[in-house]
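Q: Keeping the supplied structure of chain A fixed, place chains B, C and D upon it in accordance with the hints.
Chains A, B, C and D supply the protein sequences, listed in that same order. Per the numbering used here, the first sequence runs over residues 1 to 360. Per the numbering used here, the second sequence runs over residues 1 to 360. Per the numbering used here, the third sequence runs over residues 1 to 360. Per the numbering used here, the fourth sequence runs over residues 1 to 360.
Treat the hints as calculated values from the structure; they're not laboratory data. Do not rely on the hints blindly, as some may be mistaken.
What the hints assert, rightly or not - Simulated restraints, written as ranges between beta carbons of each label pair:
id, chain 1, residue 1, chain 2, residue 2, range
1, A, GLU70, B, MET211, 47 to 55 Å
2, D, GLY61, C, SER213, 33 to 41 Å
3, C, ALA243, B, GLY7, 55 to 63 Å
4, B, ASP139, A, MET211, 32 to 40 Å
Claimed, not checked - Over the 10 Å line for every Cβ pair with chain B, so calculated as not near, a few chain C residues:
id, residue
5, MET86
6, ASP89
7, ARG114
8, ASN149
9, THR255
10, ARG268
11, THR271
12, ARG312
What the hints assert, rightly or not - Covered by chain C, per the in silico footprint, the following chain A stretches (three or more residues, Cβ under 8 Å):
id, region
13, 185 to 197
14, 201 to 211
Glycine residues also receive a C-beta, built at the ideal position from the N, C-alpha and C atoms.
Number of protein chains: 4
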Amino acid sequence: MRSRSGGRTITVGIIGATGYAGGELVRLLLNHPNVKLAGLYGRNRDHQPIAASHPHLSGSGLVIDQAIPEADAVFTALPHGIAAGMAADIVARGSALFDIGPDFRLHDPADYPRWYKFEHPSPELLAQAVYGLPELHRDQMRAAVDGPNTIIGLPGCYPTATILTLAPLARAGLIADLVVDAKSGASGAGREPRADLLFSEVNESVKAYAMFSHRHTAEMEQELQQQGERGPLASREANPGVAMVDFLPHLIPMTRGILTSCHVRPTRPVTQDELDTLYAEAYRDEPFVQFVADPPSTKQVLGSNMCRVWCRVDPRTGRVLAIGVIDNLIKGAAGQAVQALNVVFGLPETTGLEGYPIAP
Amino acid sequence: MRSRSGGRTITVGIIGATGYAGGELVRLLLNHPNVKLAGLYGRNRDHQPIAASHPHLSGSGLVIDQAIPEADAVFTALPHGIAAGMAADIVARGSALFDIGPDFRLHDPADYPRWYKFEHPSPELLAQAVYGLPELHRDQMRAAVDGPNTIIGLPGCYPTATILTLAPLARAGLIADLVVDAKSGASGAGREPRADLLFSEVNESVKAYAMFSHRHTAEMEQELQQQGERGPLASREANPGVAMVDFLPHLIPMTRGILTSCHVRPTRPVTQDELDTLYAEAYRDEPFVQFVADPPSTKQVLGSNMCRVWCRVDPRTGRVLAIGVIDNLIKGAAGQAVQALNVVFGLPETTGLEGYPIAP
Amino acid sequence: MRSRSGGRTITVGIIGATGYAGGELVRLLLNHPNVKLAGLYGRNRDHQPIAASHPHLSGSGLVIDQAIPEADAVFTALPHGIAAGMAADIVARGSALFDIGPDFRLHDPADYPRWYKFEHPSPELLAQAVYGLPELHRDQMRAAVDGPNTIIGLPGCYPTATILTLAPLARAGLIADLVVDAKSGASGAGREPRADLLFSEVNESVKAYAMFSHRHTAEMEQELQQQGERGPLASREANPGVAMVDFLPHLIPMTRGILTSCHVRPTRPVTQDELDTLYAEAYRDEPFVQFVADPPSTKQVLGSNMCRVWCRVDPRTGRVLAIGVIDNLIKGAAGQAVQALNVVFGLPETTGLEGYPIAP
Amino acid sequence: MRSRSGGRTITVGIIGATGYAGGELVRLLLNHPNVKLAGLYGRNRDHQPIAASHPHLSGSGLVIDQAIPEADAVFTALPHGIAAGMAADIVARGSALFDIGPDFRLHDPADYPRWYKFEHPSPELLAQAVYGLPELHRDQMRAAVDGPNTIIGLPGCYPTATILTLAPLARAGLIADLVVDAKSGASGAGREPRADLLFSEVNESVKAYAMFSHRHTAEMEQELQQQGERGPLASREANPGVAMVDFLPHLIPMTRGILTSCHVRPTRPVTQDELDTLYAEAYRDEPFVQFVADPPSTKQVLGSNMCRVWCRVDPRTGRVLAIGVIDNLIKGAAGQAVQALNVVFGLPETTGLEGYPIAP
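For reference, chain A alone in the conformation it holds in the complex:
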């Protein structure tokens, strides 16, 4: 699983390196053989060493810069609405923009006021953005370098796990009714001090949150609907279950990992063989998606860019259950960002992401 690419060096800047996703991005890029970190930027943190935010990275000697970095690629890991405002400046300097936040994920500008409560300030740039899930949009991502601007809206953590888990079913028009019941570790909630995220509150407890209103719902619906349209066998109407996804996230007492349990009432009876074929074909050549025979745990992908997907028909009820797991900070954020960089810049897709998961 190890590649060595001699050759070109890509300069990279990061805006917003002090959060959890930003820290993971720095860590991964420090080990990327073709990347030179050109600069880190965070408002009001000039000259602060990275170790002030990320003690584990103190050995890197990195320091937050005064200015937005000039670089071939700029990654933004910022609260929603901020990257959208900076994007024009970034792409004007010729940098490719990889937004880890949500500002370039949704194609319909109206989705921003609806789900995120802000008007998108650059709808024209939004129109140029590609949804950066390589397993679905690899060709578009590669083509992005030829457009007027290169803007990649990187998927959210829940959508990454859920879309990869359901895409083969959606493409085949098999989703009549859909419940997505997901479980996430606390790092997905970020790093700002909040009383409800204190150890003593999260530990030995589980709760659902963001009922009926989690913003990632919009992404899931956008992408799953589109898969239905693309599928050779199906139209959007064939997947009524993805028109409005019943998505419920839960906070569980762990730091990393997302497991998404997708309960599907199929549009017609299906066999296990049919499911096996659909998934095997979908993911046979994907370096970061494994279709597995045993139900996966999040620990099986911890610390890696891997997504494991499992799918079974219930012989008793005829319903279909599909389960996916990722490390929310890697395949759900920083690792996916590196994967996207590799795709866009024509590097082997696994470069810098070769590590196996770490267990236990």
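A: Just chains B, C and D now, kept in the frame of chain A:
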């Protein structure tokens, strides 16, 4: 360390006190003002102090006895199939039998080979057993003392949480389609050494398990179907979603607690007012079920016999989401057993169970 | 949900009920048969239901009051320096004051600027205060009701565990050199939002903190020195190890519990028999201290007011190791406060604290 | 932190790959640019895929072999006493032996019956073995390839952390009295099913264990004594505190990581400047030991081969506190083994170990 209120004393024996549910039962009964622990019994553990199994109870000075205790009430907390074999002996001595295991939960004898892979050895006793969920069967439980034998099949942990969460909807005939996605702490898996339950395996991980085959599914279906039949507005057909429940349990990294997320497609459009009324009426007088306005966490009931239930209609999709939480070892096992004892023996139902949850 | 035994009723007010210790105090007092909660008070929280801070207590229906409660006893659970300023008002109304904070623990006023960085505003009240560890000062506490004012400075969590673990050795003049290496769950750090207490930071990590400067050091030294002076065999000089305690606390990834490992170089060779006798005699009649033969874990006392103590001489090195465990929020805070109330008001000392620990 | 070494390939076999340390070793070697995995061996596991033991490594396609692998280097990760019996066979084939277990750590054969309760079967091989802590014995390890047999006894997890934390003090003859109070995650206890290592037992609890008898004590004493003898300023007598180390390990509720708190009474007054100089000089050129200014947490080294060390004199008491952290499965086991391989085979020492720690 026990205080006594006035009134009668019930002698109680416990068979299988060395597991987690058994330990909690001992703890609760030691503080029960009307109970005298007449004896503990565990095979091959004669004369072993309870502290060998439960160091936290060393102060009680209790010791495992050589023989099955003679007592007004006998609790069994045993692997499936064992209590069924002992039941005839126990009731023959005049003891009321409260089985914390599954041997007297399912009314149809055919469900035992189907779900538990054993033939029930005493179908005639099974026919006399009452499903011991007081919130649903309080009158039957009280009447059990007048029958030939008093046998209470105490509900499983997942069914307790799930049935209480869904009963008002089932009774109203509102469940067209149902997904029950539940999350449990590791104590529910018991205390036998197993590699997959080691701390290092469970910590920082989540997984689904027992796909399509969890034995508690049978209880949920039995009871939810029956609620539908009972409902003033509904027949069994009115709740097609409970005919075969899509139940998926997950193991999450905590010791105690169950949260059950019940995703319901209703049989007809419902309003929040209607739901509020259904639940408020169902649980207004219940000492151990709270219908709450904010989504509950398991920590809110930790260490108590309380069940908290929350129910909302999604204004966007029209689907109904109902969530319930319990402490799996108390309301899901030992506390429920004490509650049942109180009901059957005519004590105030909260006796010995008055403690508030412990937080954080 | 409270049972009543016969006898007198004590009215109790709580100032600062919204933190973790305050919540536990409310919980315990709600179940105390001789206590009537006369009022809760928190600045700027008038009319706020207790459930806003403590969802698990929503069933109590309690509401924060506008004014400091009039009551037989007032408990303060406040940041340091605040109770000291309120004390004169509270005792002027005739209330006995039980301070869960540190404002009345240290006898030497100079210790407040030294360790807590504030000048004590009421040194005359401080002189009247009793250090409220019943196992050491029961008679003084009882006598406090006869003084001009009744002020109990309740011990800190680390000192409670450590002093109880070491008192028999100190009294016997056996401590030549002392290292106290303690481990605490995160609830001891309180409930204010702090980035370093987020679940994602505390989980899967351990660190030492407050090196050389933890404020509880002062209490340990005060009390252990005093034990040495009291001992029949010893003077203060006989325990040089308690003159300046080498105390190091650690934050470990759990919510509740303190384990204190006390490494002692004895002043002279000791035998295990001698140690067994010392501890057995010290704690034979104590309802809340158990001298145990097997090394204890914090789980063995979780949810109870119990302290377990273990002490052994190392046959190889001749050194003595003493280990103590408590639930930091109960014996280390709220439970101890209730125990002190019982002592001061002449109730049986275990009233309202009878529950066994909860496990697992 | 990334090196690329073109060139030679070392064939490696692993005996005992199915435990936690073995799994980490496989993971690290799969990404090592100069290593070819020649074979895995485990008794009675012929043809079993590695995924049966390590689902996270399923992508590697590795399978357990029938026979002990022929290879340039053979790693053994086995219960004590087993590698000692296999060693003669392994080295007879010309393989260098790297034992992750304890069978070649202690130089005095009498220490094996004393601490491990077995007679060492190959004292002549033991005499050839080098204690494989590169920071102390790098030259000896390099020279091992020229001896009759190459046998590296890799250090235990607690000794690695503790020796690195104390070596500068020992070398300077500064340790008059020593308490080593260490905290470990549960992965250090291995993977065999044990009731006391179940999640429900370890979670929300802390306990000390192996009082006065932990086998790693022998290693610490051996190495710290030797450091004292080596030091320019000191003889063994100058460090009376290391003659018999007061070592106490604790199990805390986390999976990975060791923090060792070393409480030292110095042989003479020391200044912080002196300590800073000692440590800075000791570790200036070490790639895997960082002398840090802020007290470290285990999370700061999680997933890496790094050891962080902190040392301070207490201005109040004059005592010295030194704290070290490692990932017990990496620097404490598998990573150290890879580092040793690099040293012995003349590769850059960081090869395959370049990754930064993973946080949070």
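Q: Against this structure, judge whether each hint is valid.
A: Evaluated hints:
1. Between GLU70 of chain A and MET211 of chain B the beta carbons are some 52 Å apart, a value that agrees with the proposed interval 47 to 55 Å.
2. In this structure, GLY61 of chain D and SER213 of chain C break the distance hint of 33 to 41 Å, their C-beta atoms being roughly 55 Å apart.
3. Remark: the range hint 55 to 63 Å for ALA243 of chain C to GLY7 of chain B is upheld by a beta-carbon distance near 57 Å.
4. One distance hint, 32 to 40 Å for the beta-carbon pair ASP139 of chain B and MET211 of chain A, holds here, with the actual separation near 35 Å.
5. Non-interface call for MET86 of chain C relative to chain B: holds, since the shortest CB-CB distance, roughly 26 Å, exceeds 10 Å.
6. Its beta-carbon lying about 30 Å from the closest one in chain B, ASP89 of chain C satisfies the requirement of being farther than 10 Å from that chain.
7. With a least beta-carbon separation of about 32 Å from chain B, ARG114 of chain C lies farther than 10 Å from that chain, consistent with its non-interface assignment.
8. Once the 10 Å rule is applied to beta carbons, ASN149 of chain C is consistent with being away from chain B; the minimum gap is 32 Å.
9. Distance check on THR255 of chain C: its Cβ comes as close as 5 Å (rounded) to a Cβ of chain B, failing to clear the 10 Å threshold; non-interface status is violated.
10. Every Cβ of chain B is farther than 10 Å from the Cβ of ARG268 of chain C; the closest lies at roughly 32 Å, confirming the non-interface assignment.
11. Distance to chain B confirms THR271 of chain C as a non-interface residue, since its nearest Cβ pair spans about 25 Å, more than 10 Å.
12. With a least CB separation of 17 Å from chain B, ARG312 of chain C remains clear of the 10 Å interface cut-off, as annotated.
13. Check on the region 185 to 197 of chain A: 9 of its residues sit with their Cβ under 8 Å from a Cβ of chain C, so the three-residue criterion for coverage holds.
14. For a cut-off of 8 Å, the count of residues in the region 201 to 211 of chain A with a CB near a CB of chain C stands at 4, and the three-residue condition holds.
The structure is inconsistent with the numbered hints 2 and 9, although it conforms to all the rest.
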